[in-house]
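Residue numbers (full-length UniProt numbering), protein chains in the order written: chain A, 1 to 99; chain B, 1 to 528; chain C, 1 to 755.
I should point out that these hints are in silico values taken from the structure, not numbers from a laboratory.
Do not rely on the hints blindly, as some may be mistaken.
Claimed, not checked - Reference excerpt, derived from the structure (chain C facing chain A, CB under 10 Å, subset only): (1) R617; (2) T728; (3) G729; (4) V731; (5) L736; (6) F739.
The C-beta atom is built at its ideal place from N, Cα and C for all residues, glycine as well.
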Amino acid sequence: MLLNQFLLLAAALFCIGVYGVLARRNAVLVLMSVELILNAVNINFVAFGAFNRTVAGEVFGLFVIAVAAAEVGVGLAMVLLLYRNRKSIDLTEVDLMKG
Amino acid sequence: MDFLETWGISIAVFVPVIGALVVMLIPKSWGEDLYKQVALAVSLVSGGFGIAMLVNFNFDDTGRLQYLVDKKWIEAISSRYIVGLDGISLPLFLLTLLIVPLCIIYSWNHFPEPHNPKALLALILLLETGMLGSFVAQDLILFFVFFEVVLLPMFFMIAVWGGEKRQYASLKFFLFTLFGSALMILSFLAMFFLADPHTFDMRALPTALQGVALSTQVLIFLGMLIGLGIKVPMFPFHTWLPDAHTQAPTVGSVILAAVLLKLGTYGFVRIAIPILPAAAVKVAPLIGVLAVIGIIYGALGCLAQTDMKRLIAFSSVAHMGFVMLGISTLTQFGINAAIFGMVAHGLITGMLFFIAGSVKERYHTLEISKLGGLLLDAPKMGWLLGLCVMASLGLPGLAGFWGEFPAILSSYSPAHGLNVELYRIFMVISALGTVLAAGYLLWLLQRVAFGPSKSHGDGHEQIHDMHVSEGLAWAPLIALIVALGVYPGIMFKSTDAAVAKSLAACLVDDKGPTCPELADMLHAERGK
Amino acid sequence: MNALLLANETAASAGWMLRNAWIIPFIPAMSFLLILLIGKRTPGKGHWIGIAAVSAAFVLSAIAGVQWIQHVNDAHHASGSEEQALSVGGGTLAAKTESPTAGAAPAEGESAAAEEEHVAVAPVRNSVTWYENEGTNVKVGTLVDGLSVMMLVVVTLISLLVHIYSTDYVHGDRRYTHYFAFLSLFTASMLTLVIAENTLMLLCAWELVGVCSFALIGHWWEEQPNSDAALKAFLTNRVGDMGLIIGVTILYFAAGKSFDIVKINEMANSGEIRQFLLLVASCCLIAAVASKSGQFILHTWLPDAMAGPTPVSALIHAATMVVAGVFMVARLYSVFFHGLTIPGSSINLLALVGAVTLIGGALLAFVQNDIKKVLAYSTISQLGYMVMALGVGAWTAAVFHLFTHAFFKACLFLGAGSVSHACHHSFDMKAEMGGLRKIMPRTFWTFVIATGALIGIFPLAGFWSKDEILAGTGGWPDTHGTGTYYAMLIMGMLGAALTAAYMTRVIYLTFFGQYRGHSHPHENGPRITIPLIILAVFAVGAGFLNLPPGVFGAGDAHHPTGWQERFGHYVEPVGKYFPDVVHATPSYLLAIVSSAIGLAGVAAAYAYYRKVETRSRAEGRKLTELPDGITTRSKPAKAFHTLLVNKYYLDHLYNNVIVAGIKGPIARAAYWFNQHGIDASVNAVGKGSVIGGKFLYTYFDQKVVDGAVNASGTLSSGVGEELRHIQTGKVQQYALLLFGGTTVLAGIFLILLTT
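Construct all of the structure, not just a fragment, from the sequences and the given hints.
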């Protein structure tokens, strides 16, 4: 089936993304991994949209891209500030919210 | 006048509480006078509605509730917002509307320590709403709510602006009354659950409760007897009164004497007797005994006093004894007399407290042994004291007489079912009470007003006779004391038909109870 | 009863003044308000308002009097007996034999012939509703008949004279205006009392005159004794008022819920009210009479009331207010007549009280040095005469004595005032008076005339009225009174002798001998002496208004003519509201004997003071009594004297035992009970609750309830402590948990879905 291939691709992308988010210590890489997860979702949206012959999937996909752009903007700004304060963007060192 | 018909009472009752809020919201920087002006204006607006309602009141049909409003209120407990005026509540309603503005005028230039007119005025206005509401409520829960609203402002008034022992007095007042309220609400609830159908509507309760056993009715009545009796105050629940009166600021004493005490007796006339007439017949002799003890006991208490204000306070016990005696006869005549007595006592004792307050302000003491020569220092005040003393001891031509003499008269022939011989003994003893009343009041007059002036020579400032604000506050009271005394018909016309209706449920008839249930019950009792 | 019907018709056409008698008290009432409001700002400080008002009231009363006489005459004409009002009509016997009292029956046949014809004269009534209550319509209105009209005239006349007299007597007083205001108020109240239509109005006016009396006795209240006297008067009267209140109450219910005086009387006459109720009511009312009219044992306030200004004593405590009790009995006479079964001739309470007062008061007059107090006791004694007369059924005699007494006693009081006005305002006869005969001739002569009238010297006013009372007792042979009261006759005679003796003493001590005071007495001005002279004229002439039949003119002992029995004819009510009293037949012998007894009293006193006079001349001292009189020689006499000086110890009983007892131990005990009994238990409840609360707080609240709360708190904080280790602050760990959790949930979800 045509759909399955897209879904498998998206799943692979998602797994890579999850691995990146959980395992990388570099904040920038973590952000990039988040992008991967989002794009995996995008693929799913578009695929299902095409499969069901609606434009809703594409519309959601566009939404997600726009949101992801903003998110990356905010995320990078935070990383920048983090770097300014700490001279490092290693996430394991950031534990101010420790209980 | 549809507007007055539907909104009159509610506006008159709730305008003061809105006024109290307004007074609280006025910032201090706008000046003290503004509070007083606002408070006075508010109480006068309320009074204006009262007068409008008086003018439009149908005096040919005083037994009917007029200006009746019956709206949904708390449906969960089927309590409704029912207010209305009939011939019994009208005089007391108007008395309240009169006394409050006079209190505000009186205190215009002399607020008691710690001053703070803003709070005191707000409390007075809140108090007004409570008192007015109690007199118009026709639903037990509504009545109870208003009855309790009265309690707090008075507590604070005594506790903050009172004399030396204010904390003790205010707490005693509060606890005593609260204790009574607890028993009262218990009785109310009992009536609610026993009524068929369940209702708090005073108009429906007499018929709704007819099937209840007499012994249960008596228990409920006793609950109300204590609850209302504390407010009256009836012997032996009276001990809060002298303390509260003595310690309260002048306006507090005036309101307490003029209106608050009447809530208790009004409760008997409005609630206890019409709703539970059969129990009333059973309990009436007890009320009579307590009333007569109160008359003699209060008088003896007065004779032992050394403080002018405390003496006047004790005299209330005796005077309310006459009111209760009138009520205990369960006759139209006696209850008419009782209502007259309530109003008369309100005017006269209110006036006496005003004068006592002014005396205290001038001489800085109320010890009778340290007073004297008021007639020389302040002739107008002295004469007014004389007049009030005469009114208080029941001189014909002044209001006090029509509360006292008819009460004695009515106890000669109490309602059917009551022990005539017992009531004749009451009559003789209460007549003795009038002698004692003359004794302590004249003794007070002699010590305070007669004799040489005692104010000179010990560094006192010149004693000032009546101030303008005092004159303004007193003139209406004096005028009413005289007017009611000369022409008692004004009051009797209002109350007579209403009392007849409230007793019509049963009783009154010379030939015996007019309602068959009561007749059966009494018959069964006698059978035992 | 045709006559009655006709009489009722004439009542409707009665004179305007009779129908509108309310105006008479209304005028002084307005004067009271006017004086109070503007009196101080008027020139002369307001006395003229009072004088004008009382003058107007007097004129109107006089008009009312004339109209009443016409009214009675009209009734007689209308009744059909055209001959004269004095003839014996045929209807007389018919009306008379209706008498329900069997006791008077034997005397009936004979005395009925002596009566004037019994043509019913309806009283003129006019009333409006005062208030309605329980379906009962209580009215306020006027009841005008002969008795009221007579009282109206007496009260207004004496009040007017006292007003005029006072302008001089209390001139310059600091409360001059108030004095006149209260005189006006008193006059108004007294006039209301005498025309009251019902017992409730009577009660109101009764207390109002009491209050005026209180205010005027205490007029100089700066001194404690004066205000004490005022208080005593008021309180004693209150004791009596208790009786009045109860009596009025009983009659109200007995008469079927009515205060109407005429109705009560009619029902009492017709036997519709049980005799027992009437008896109880009259005994209660006698208490009121005793207090208001100074009868034993409630008379003690009256001598003390002399602390008030003398004109007040003359008006209130001699002529008008104190006779209110007598008036009340006269007004409700049917009640007393049947209640006490007066025709039954057994001693009744009213006659007994009167007789005891008559003697007891007269005896006390002997030991007083204060001229006003002597007169006060004399008033008590004379009021005793009146009450006794009412008690024996001599209604007309009692009312007539009230009438004459008002004049001569007012004259005596005003005379005493005149003397004291001249002597430094002292009333002490022994210390400050003596020998004033030459200095104050007008006062002296009027005083002597009034004294003569009081003693009952022929032909002065008191002679006629006193003689009528003595005849009215029915004790003298062939007098045929309503009843037969021998004891009362003897007491009356004895009283006459005592009166004569103590009045002689007063005259001697005041006007004879040498002047013993320290000022320079002088005769007073016309405003004082003219009222005295007017009253003296009445003291001479008033008696001629009721000459017994057969005296000074044609007719015999049974048939009055000309001026005979005019007073009785016009004043005594005839009708259903008045009982059937029997008029006694006058007796010349009785008149002679009683006069002789009176003169013997004078002679005895005169002889004693002749001795004093001789003795003092011999010793060159100003003596007022013999230094070795009977009281120094005889022990029982001394003891009796002490008893009198202490006023039978009644004041001790009242002040030191009853009043002090109630005000002292009893009131204090009641208050102690209040504070230590009731209030202490209230406090104990309060304290008990506090202690109980504390116990509860420490042992239950703090340990159990609070413990549970604390335990739950500790538990959650422990759990939290453990859980906080999860929170590392590392975002990636959180993310791991998140994903792990999601995976686990997804697994569960999957399993659940598949099963």
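Results of checking the hints against the structure:
Using the Cβ-Cβ criterion of 10 Å, the hint placing R617 of chain C at the interface with chain A is not satisfied: the shortest such distance is roughly 131 Å. Interface restraint check: T728 of chain C against chain A, minimum CB-CB distance 6 Å, threshold 10 Å, status holds. A cut of 10 Å between beta carbons decides the hint on G729 of chain C: the least distance to chain A is about 3 Å, and the hint holds. At about 6 Å, the closest approach between the beta carbon of V731 of chain C and any beta carbon in chain A falls short of 10 Å, and the interface hint on this residue holds.
A least Cβ separation of about 5 Å between L736 of chain C and chain A falls short of the 10 Å threshold, and the interface hint therefore holds. For F739 of chain C, the shortest C-beta to C-beta distance to chain A is roughly 6 Å, which falls under 10 Å, so the interface hint holds.
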